[in-house]
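Participant: Those sequence lines, one after another, are chains A, B and C.
Note that full-length UniProt numbering gives residue 120 to position 120 of the first sequence, counting from 1, and the numbers run on in steps of one.
Note that full-length UniProt numbering gives residue 44 to position 44 of the second sequence, counting from 1, and the numbers run on in steps of one.
Note that full-length UniProt numbering gives residue 25 to position 25 of the third sequence, counting from 1, and the numbers run on in steps of one.
No lab work stands behind these hints, which were simulated from the structure alone.
Since we're looking at a predicted model, the values are computed, not measured.
Glycine is no exception: its CB is placed at the ideal position from the N, C-alpha and C atoms.
It is possible that some hints are incorrect.
Claimed, not checked - Covered by chain A, according to a simulated footprint, are these stretches of chain C (three or more residues, beta-carbon under 8 Å): (1) 37–47; (2) 59–73; (3) 113–127.
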Amino acid sequence: MPLIALPSALSPALSPSTLVSAIEIAATVAFALSGLLAGARKKLDAVGLIVVAGLAAFGGGTLRDVLLDRRPFFWVEHANWLWALVLLCLGAMLFLRKRHLAVTERAMQWPDALGLGLFTATGTQLALAMGQPAIVAVLMGVITAVCGGVLRDIVCNDIPSAFHDHRPYAVCAFLGGWAVVGAQALGWPEGAVLLVGAGLASGLRLLALATDFRLPSWE
Amino acid sequence: MPLIALPSALSPALSPSTLVSAIEIAATVAFALSGLLAGARKKLDAVGLIVVAGLAAFGGGTLRDVLLDRRPFFWVEHANWLWALVLLCLGAMLFLRKRHLAVTERAMQWPDALGLGLFTATGTQLALAMGQPAIVAVLMGVITAVCGGVLRDIVCNDIPSAFHDHRPYAVCAFLGGWAVVGAQALGWPEGAVLLVGAGLASGLRLLALATDFRLPSWE
Amino acid sequence: MPLIALPSALSPALSPSTLVSAIEIAATVAFALSGLLAGARKKLDAVGLIVVAGLAAFGGGTLRDVLLDRRPFFWVEHANWLWALVLLCLGAMLFLRKRHLAVTERAMQWPDALGLGLFTATGTQLALAMGQPAIVAVLMGVITAVCGGVLRDIVCNDIPSAFHDHRPYAVCAFLGGWAVVGAQALGWPEGAVLLVGAGLASGLRLLALATDFRLPSWE
Numbered sequence: 001m002p003l004i005a006l007p008s009a010l011s012p013a014l015s016p017s018t019l020v021s022a023i024e025i026a027a028t029v030a031f032a033l034s035g036l037l038a039g040a041r042k043k044l045d046a047v048g049l050i051v052v053a054g055l056a057a058f059g060g061g062t063l064r065d066v067l068l069d070r071r072p073f074f075w076v077e078h079a080n081w082l083w084a085l086v087l088l089c090l091g092a093m094l095f096l097r098k099r100h101l102a103v104t105e106r107a108m109q110w111p112d113a114l115g116l117g118l119f120t121a122t123g124t125q126l127a128l129a130m131g132q133p134a135i136v137a138v139l140m141g142v143i144t145a146v147c148g149g150v151l152r153d154i155v156c157n158d159i160p161s162a163f164h165d166h167r168p169y170a171v172c173a174f175l176g177g178w179a180v181v182g183a184q185a186l187g188w189p190e191g192a193v194l195l196v197g198a199g200l201a202s203g204l205r206l207l208a209l210a211t212d213f214r215l216p217s218w219e
Numbered sequence: 001m002p003l004i005a006l007p008s009a010l011s012p013a014l015s016p017s018t019l020v021s022a023i024e025i026a027a028t029v030a031f032a033l034s035g036l037l038a039g040a041r042k043k044l045d046a047v048g049l050i051v052v053a054g055l056a057a058f059g060g061g062t063l064r065d066v067l068l069d070r071r072p073f074f075w076v077e078h079a080n081w082l083w084a085l086v087l088l089c090l091g092a093m094l095f096l097r098k099r100h101l102a103v104t105e106r107a108m109q110w111p112d113a114l115g116l117g118l119f120t121a122t123g124t125q126l127a128l129a130m131g132q133p134a135i136v137a138v139l140m141g142v143i144t145a146v147c148g149g150v151l152r153d154i155v156c157n158d159i160p161s162a163f164h165d166h167r168p169y170a171v172c173a174f175l176g177g178w179a180v181v182g183a184q185a186l187g188w189p190e191g192a193v194l195l196v197g198a199g200l201a202s203g204l205r206l207l208a209l210a211t212d213f214r215l216p217s218w219e
Numbered sequence: 001m002p003l004i005a006l007p008s009a010l011s012p013a014l015s016p017s018t019l020v021s022a023i024e025i026a027a028t029v030a031f032a033l034s035g036l037l038a039g040a041r042k043k044l045d046a047v048g049l050i051v052v053a054g055l056a057a058f059g060g061g062t063l064r065d066v067l068l069d070r071r072p073f074f075w076v077e078h079a080n081w082l083w084a085l086v087l088l089c090l091g092a093m094l095f096l097r098k099r100h101l102a103v104t105e106r107a108m109q110w111p112d113a114l115g116l117g118l119f120t121a122t123g124t125q126l127a128l129a130m131g132q133p134a135i136v137a138v139l140m141g142v143i144t145a146v147c148g149g150v151l152r153d154i155v156c157n158d159i160p161s162a163f164h165d166h167r168p169y170a171v172c173a174f175l176g177g178w179a180v181v182g183a184q185a186l187g188w189p190e191g192a193v194l195l196v197g198a199g200l201a202s203g204l205r206l207l208a209l210a211t212d213f214r215l216p217s218w219e
């Protein structure tokens, strides 16, 4: 079951569990689909759709690794993910052609929120394990979770929605990252650290969506 | 003849030949001119024109080297290229002022297609020589060839034309990169590997332009 | 006095002086405010404002360090700057709400010009100290001074004003960088090198603003 086993590469420090792996796959797919839909809205061609899907799915972790000077990237270490991405995109293009985009976007809120939490927690843990200061580790968690979407929007020539739509997104990641820092400082086991950080970030995101909470704006 | 000798630095692993050097110069100039024209269309000032020309010419290889954690960049190793770029831009601004842009763009299709092939092949070879997996090496070849133009378009606040104009560009690079991988796996000599990879990518690009082939779009 | 002492980290090679530190703080604040105002014009939410302010303040030095493969970034080495940034943004959002933006922009021209000079000089010195060729060191100085604003404008979905507004900005940094190279070649002491480079870049910028000088454009 290579596709189930691979995602643990996202966070080599974790004791991989099937649940985490399943969430990681669902989250990566959700991020890739968000890129696909954003690209389709901009009428990109097939190449552009795959690139934007790949940026949304892998861009955050890659930017984090560039900033941390960390190699290999996980899509280099587990290059089959690149094939999976291409297949996903081609499959989605064929399958989604007949569906309404709005339905799909709604359906993606859950895996996207789970991915936000999971990527935040694993990114923060990874930076802490490299000895980064707490605030930097949290920032790396936020970058892991958020910057894939930012790169997606920049390539699509939009202002990044994470900075513009007044919905809490990076803020949820920020708070989840601090939960990771706190739990780690308390000496909790790795699985619990992951759970509390990812749970807080994902939970806040889902709560914000459920209550239609808006960030303050500034005239 | 420093300008003839320098370009072999683009691909230190190659046995440099005058023909390859001449193509590399022509391709780099074509890429730089594409940046100049894109910047002129956006009414950039002289600084912006030089920056965008430089991004188009050197951005793809630089991004590849950042991702591969490879230093020095070739424009650091052979810093005279930076002067050549500035002189090219100033010369082009003076010379092209009286010409019609459309003519120039058409004239650039050939050197641009040759550059696409050559940069794909050298980028892929370079990544293979660093021990990257095949799919990653091909991706690095595509990035070398395509991402200069992508950065050019992002700075010019356009959706990258490589993702948007439905003309095969990255796809040609992708197939040329696999030709490099295949030829290398067959144990062909370096020159032949370069020739088949670059020839396939450039040939497909010119064929696509000649037949007005379009990539499938997606509603 | 942690906030006074920290900025010397921007240029560890300099003998830190209170004046340089004060200029560095003022310049970093001016750059951050430029991001804040650009983000406010685009109606970003609070998260977006902080990100864009951070990019404007720290993006140029970070990009330079990525290109030079230099770690840690100064905002990792002195992570308190990240907190200062967040506090500055929150304070500015509360304080500036009642002020007119145009006034503030005008008021920022002086610290921005001083920052342009100082970041150019320290960036160029730093690259020279790493053994880069002169033209590359100057380019690194320009990137340090200019690319924060470029990243700010890209995220705000604008063509970077440094490439578009026909005001000399990168050109001032370029000439200031060469002054650093020249003074260093003459064996001047570090403080004098910094002074002449920063002074030339800042002075030219202020002169250009005072005389309303425009860069040539190109039809």
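Participant: Now tell me, hint by hint, if it's right for this structure.
Facilitator: Each hint, compared with the structure:
no. : hint    : in the structure
1   : 37–47   : holds (count 8)
2   : 59–73   : holds (count 5)
3   : 113–127 : violated (count 0)
In this structure, only the earlier hint numbered 3 is contradicted, and the remaining ones agree with it.
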